[in-house]
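Chains A and B, in that order, are what the protein sequence lines are.
Under our numbering, residues 20 to 153 are what the first sequence spells out, in order.
Under our numbering, residues 323 to 665 are what the second sequence spells out, in order.
It is possible that some hints are incorrect.
Keeping only pairs whose Cα atoms sit at most 35 Å apart, straight-line, the calculated DSBU-like set for lysine-lysine is [said to hold, decoys possible]: (1) B/533 <-> B/454; (2) A/119 <-> B/581; (3) A/62 <-> B/400; (4) A/119 <-> B/454.
Coverage of chain B stretches by chain A, computed from C-beta distances (three or more under 8 Å per stretch; other residues unrestricted) [claimed, not checked]: (5) 446-460; (6) 619-626.
Note that these hints are calculated values from the structure, not bench results.
No residue lacks a Cβ here, since even glycine has one placed at the ideal position from N, Cα and C.
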Amino acid sequence: MIRAVLALALAAFAAGACAPASAASLPTQIGIRIHYSHFSPDKIDVPIGVPVTFTLVNDDPIEHEWLLGDEAFHARHRLGTEAVHGDRPNEISLPPMTTKTTTITFDKPGELTFICHFPGHEAYGMVGVLRVHP
Amino acid sequence: MRAFLAGLAALVATFVAAAQPAAACAGLIGPNGAVNLLRTSTFAGYHDGVEHYVTSFQFAGGSGQFGSLIPLPGIPDKVERGGDWTLQRLVRETAPVGRFDALQRSALAAAPAPAQVILTARVDALDITVLKGGGAEVGQWATEHGFRLPADAPEVLDFYANRSPIFMAAVFDADAAKARGQNIGDGTPVHLTIPTESPWVPLRILSLGKKADDRVDADVYLLTDQRPALLPYPFANGMRLDHSAAATTSLLNDLRSDKGMGWIPQSAWLTKIAIDASASQLTYDLAVGTSGVSPSRVAAGLEPPASAPAPTQQSAELFALIGIAIAAGGTVVLLRTTQRVIA
């Protein structure tokens, strides 16, 4: 029951992130739930130039990660050697059933992706898109 | 991250290649998430509302520890070493002579209550733990005990836990097997006695960790008082009826003479179901009904339960269903990377 309420709260929290609008009206507090090895929402719009705080909720009993960047960034991480992330705001490791927050200020517009690079997870669908709006 | 895990894989892949326990009906989860289905044998029998589930873990050499999670329809009364020839005898009954080789298979996130350990048992080189809990609880228990679950595990564990929150975790200690003098290929049968009102055979779990196009091969043997009704029906999506006939007296006598198999009745019906499906097709389990009792669509995984049921401790009814035997059906083998489940 608690989990259901929290999920609903998170969904409402995230709802603002799903509706593209002008940069000024875009949310700076984003909730992303990981459930059954998928990100929800998997499409996010954020404003440029202001701090955006992401609350990442791993609802699964397995470890995941949230790595946000461009294609070159993900190409490196597909071949990377870091066992655990956490030192950089766009690279977050999420142990089972945990929540973490991270704050990022985007300095240029464009499209990034967030992916879990654990083996098999990207292929299973753990991919999301983040658009930075001027 | 991937390269790091690949490096880890270089270490543990040796174990996978050399020490994998051919846990019955098992999909072995490798460090890269790939699953190699192992075709071995499992038996689960039903009589008087009690399921007798026998599964075999095959020693394949090497060292290290490996585990499997098996969804169960209820809480076992007893876990013990199984008989030595039941599984082989069932295969021989429906396979041409000379085909014995067929046997060779958070702040916001509410932290779950820990999975409850119902019982533990040691069978040869196997540590058995029966767990009660939801998919998240059992998944977290497995993670905390060194299992590395694939990406689809959370959904698949919930699929089973919503019907019966009972799982058996088995850890095969290859070093202990060697110390016991077990030879490569030696199997360790485990016999679980499970009272249950709604027998079913887990099949979907065979696809765990596999890609959509990967193949799943399994043989399911059913032994019932009478010809059973089965779901899904008609057979499709990789499910095929290979044998349906009265069980021979010699088969029943042979099974009855094996260790722990005295419950085998004087007459029965033998059915063999072959599973030859892609992983994406295997979205169901096998539910069985006899004596006019229709098999449950919920038990077959064809529709969700109204609510998560509490597992039954003991059935008061007598079931016409006598037995279910599986060859290569219903176990998930998960790679252990670190610690033991039960010391």
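Structure-based check of each hint:
no.	hint	verdict
1	B/533 <-> B/454	holds, 29 Å
2	A/119 <-> B/581	violated, 53 Å
3	A/62 <-> B/400	violated, 50 Å
4	A/119 <-> B/454	holds, 29 Å
5	446-460	holds (count 4)
6	619-626	violated (count 0)
Hints 2, 3 and 6 from the earlier list are contradicted by this structure; the remaining hints agree with it.
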